[in-house]
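Engineer: For reference, the chains in residue letters:
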Amino acid sequence: MQQAVRMPKSRRRFRLKPLQVREALAAYGFLAPYLVIVTVFMLIATVTALYLSFFYVNFGFTEPIWYGLRNYQIIWYDLTHNGDFGNSLVNAVKYTVGVVVVQTILALALALLLNSKVRGRGIFRTAFYLPALTSSVAISLIFIWLYNTGGALNWVLGLVGIPPQPWLNNPTTALPAIMALNIWTTAPTFMLVYLAALQDIPDTLFEAARIDGANTWNIIRHITIPLLRPTTFVVVALGTIGAFQVFDQVYVMQGTDCGPLRSTCTPVLIIYDTAFKSSLMGLACAEAIVLFIVIFTLTILQRRFIDANIQY
Amino acid sequence: MAMSTRASVEAATRGKIDGNKRDRIELTPGQIALYAILIAYAIFSLLPFVFAILSSFKPEAEVLAQPPTLFPQHLTLQNYKDVLQSQEFPFPNYILNSLIYAVATAALNVVLGAMAGYAFGRMQFPGKNVLFAMTLAVLMIPPSLIMIPKFLVANSLGLVNNLGALIIPAAVTPTSVFLMTQFLKTLPRELEESAVIDGASRFRTFWQIIFPLIRPAMITVAIFQFQGAWNDFMWPLLVMADKDKYTLTVGLTFFKGVHFTQFGLLLAGAAINTAPLVVIFFIFQRYFMRGISTSGLAGR
Numbered sequence: 004m005q006q007a008v009r010m011p012k013s014r015r016r017f018r019l020k021p022l023q024v025r026e027a028l029a030a031y032g033f034l035a036p037y038l039v040i041v042t043v044f045m046l047i048a049t050v051t052a053l054y055l056s057f058f059y060v061n062f063g064f065t066e067p068i069w070y071g072l073r074n075y076q077i078i079w080y081d082l083t084h085n086g087d088f089g090n091s092l093v094n095a096v097k098y099t100v101g102v103v104v105v106q107t108i109l110a111l112a113l114a115l116l117l118n119s120k121v122r123g124r125g126i127f128r129t130a131f132y133l134p135a136l137t138s139s140v141a142i143s144l145i146f147i148w149l150y151n152t153g154g155a156l157n158w159v160l161g162l163v164g165i166p167p168q169p170w171l172n173n174p175t176t177a178l179p180a181i182m183a184l185n186i187w188t189t190a191p192t193f194m195l196v197y198l199a200a201l202q203d204i205p206d207t208l209f210e211a212a213r214i215d216g217a218n219t220w221n222i223i224r225h226i227t228i229p230l231l232r233p234t235t236f237v238v239v240a241l242g243t244i245g246a247f248q249v250f251d252q253v254y255v256m257q258g259t260d261c262g263p264l265r266s267t268c269t270p271v272l273i274i275y276d277t278a279f280k281s282s283l284m285g286l287a288c289a290e291a292i293v294l295f296i297v298i299f300t301l302t303i304l305q306r307r308f309i310d311a312n313i314q315y
Numbered sequence: 046m047a048m049s050t051r052a053s054v055e056a057a058t059r060g061k062i063d064g065n066k067r068d069r070i071e072l073t074p075g076q077i078a079l080y081a082i083l084i085a086y087a088i089f090s091l092l093p094f095v096f097a098i099l100s101s102f103k104p105e106a107e108v109l110a111q112p113p114t115l116f117p118q119h120l121t122l123q124n125y126k127d128v129l130q131s132q133e134f135p136f137p138n139y140i141l142n143s144l145i146y147a148v149a150t151a152a153l154n155v156v157l158g159a160m161a162g163y164a165f166g167r168m169q170f171p172g173k174n175v176l177f178a179m180t181l182a183v184l185m186i187p188p189s190l191i192m193i194p195k196f197l198v199a200n201s202l203g204l205v206n207n208l209g210a211l212i213i214p215a216a217v218t219p220t221s222v223f224l225m226t227q228f229l230k231t232l233p234r235e236l237e238e239s240a241v242i243d244g245a246s247r248f249r250t251f252w253q254i255i256f257p258l259i260r261p262a263m264i265t266v267a268i269f270q271f272q273g274a275w276n277d278f279m280w281p282l283l284v285m286a287d288k289d290k291y292t293l294t295v296g297l298t299f300f301k302g303v304h305f306t307q308f309g310l311l312l313a314g315a316a317i318n319t320a321p322l323v324v325i326f327f328i329f330q331r332y333f334m335r336g337i338s339t340s341g342l343a344g345r
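Chains as they are written, first to last, in this note's numbering: chain A, 4 to 315; chain B, 46 to 345.
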């Protein structure tokens, strides 16, 4: 009885007028191509990654075989026995810490310099941005040449008495060499993000501080940087997500053999190797899931430390 | 509105500086230090390109000369000829494949992205908030997570080793939809109201009234996608199996030989890969800047 009374009421709430139905149909018409592509190539793909990680998939040879948690056990064994995937995660952490710290500071410093009243700001901004424009492959090729034992970098260092180094063939310098070029190419993009944020800070705040007698450094330290914290979170988070997944530069400069003493192995390179050289798609998916969990956890932690309790 | 205010403030301050620029630049040590740092970083950021491009016109023996010279002693186009006429790798094909990939996905993203952005930015329909939240979430999915299943899905759809494999998955990206939505939201509501009252359908309103008005967003989306596709390396590497199907970025990696590398060819290849983007960048600079600041705010 109660049911019968309630039903029409709740139905009426959801019933759309004919005009709204037409509007909704039109909206889904506009969205249709986008929804199809996102569903097929991103959502289904994400679900498939999770699903396949429980299977043994020897691509092109056999049908998927249920494997339970075996793939994850293999990864666990690898992690606890100093295997390639574990090693690649360690490399990725080193790589990410180095790249993100330096590029964030550099991006902020360049943005602050350009945000002061500089003439020819546009010209400097363009010059700084050029490395970010070029493909990772072209940049990597240029740096293979610059880093060469007989190359220009060693010549410049020779001027100050440093003997030539085989930068890309030495296990201690191979990874930092790639980090340096990554910082050089990514910092300008984040500089632009900082510049956009700086222009949103109301000038009255700075004027008030100046009237109170604060100098430029105090203003930067106590007003600008705290106000930029949400932007810093974005820059650090996007930087971490990008650096942790470094692939192109390492592939081009060192190939899939991971450089001298496997010093430049990165997780995505291992996943690529597992999937396309060993044809073990299930294991590769499990590795990708583990990598995703690591990146996701790092982003959440960063949000807590950087973005917490901002008050204007 | 905000933009024009900022522009006028900038113009005003610029005028002020111009008024007494001489004493300002020459007298304060702070200013001198500032310009010294800016010029030093500009050189740091440009020199590798300038040096690489100038060196691509040097004969092989000079490319690794010690001490290196900035300008070629013997100017030659031989490296470019060798790259483009290579018997082993059909580079003209690679350039064409990259161009098709970049132009086709840029055009598709403009049209399909504007359509989706119109629905998200200017229409009311059930499920809108959920779908837009999904768009933001998808932006955060790391490409490496879905690289393999995306390849398997494409493979089962026959999208391997053909241009469709490059174009279809990138025909409309969440980034383009986000950029379009943000822009379309800012247009005044009255634009289509009268058209809707007159009984014009949503599709006619979109094509005839809105679409012609969103040129800035279209250019931003187009150059972003062009740059992304032209520079893309991982996806073409996965889906293009035959040597004549590669894109330019994939083809270029073969210059780094296993035993020895021909640096002149490598630099000419890098220059061919870089040149179109530099030209586009100089024409559409402000659209690049706007796109980056908008998409950088997506994470907030």
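If you are wondering where the hints come from, they were derived from the structure by calculation, not from laboratory data.
Check each hint, because a few of them may be wrong.
Unchecked claim - Capping the alpha-carbon separation at 25 Å, the derived lysine-lysine pairs in DSS-like fashion look like this: (1) K126(B) x K280(A); (2) K126(B) x K288(B); (3) K290(B) x K126(B); (4) K280(A) x K288(B); (5) K301(B) x K126(B); (6) K288(B) x K301(B); (7) K301(B) x K290(B); (8) K290(B) x K280(A); (9) K173(B) x K20(A); (10) K126(B) x K173(B).
Since we're looking at a predicted model, the values are computed, not measured.
Engineer: Run the distance test for K288(B) versus K301(B): straight-line Cα separation, threshold 25 Å.
Structural biologist: 16 Å, holds
Engineer: Measure nothing beyond the straight line between the CA atoms of K280(A) and K288(B); if it is 25 Å or shorter, mark the hint as holding.
Structural biologist: 18 Å, holds
Engineer: CA of K301(B) to CA of K290(B), is that 25 Å or under?
Structural biologist: 19 Å, holds
Engineer: Is the Cα-Cα distance between K290(B) and K126(B) 25 Å or less?
Structural biologist: 21 Å, holds
Engineer: Going straight from one Cα to the other, do K301(B) and K126(B) come out at no more than 25 Å?
Structural biologist: 18 Å, holds
Engineer: Going straight from one Cα to the other, do K173(B) and K20(A) come out at no more than 25 Å?
Structural biologist: 17 Å, holds
Engineer: Need the status of pair K290(B), K280(A): alpha-carbon distance at most 25 Å?
Structural biologist: 20 Å, holds
Engineer: Holds or violated: are the alpha carbons of K126(B) and K280(A) at most 25 Å from each other?
Structural biologist: 34 Å, violated
Engineer: Sort out whether K173(B) lies within 25 Å of K126(B), counting only the CA atoms.
Structural biologist: 54 Å, violated
Engineer: Please verify whether K126(B) and K288(B) have alpha carbons no more than 25 Å apart.
Structural biologist: Judged against 25 Å, a Cα distance of about 20 Å means the pair holds.
Violated hints, listed in ascending order, are 1 and 10; each of the other numbered hints is respected by the structure.
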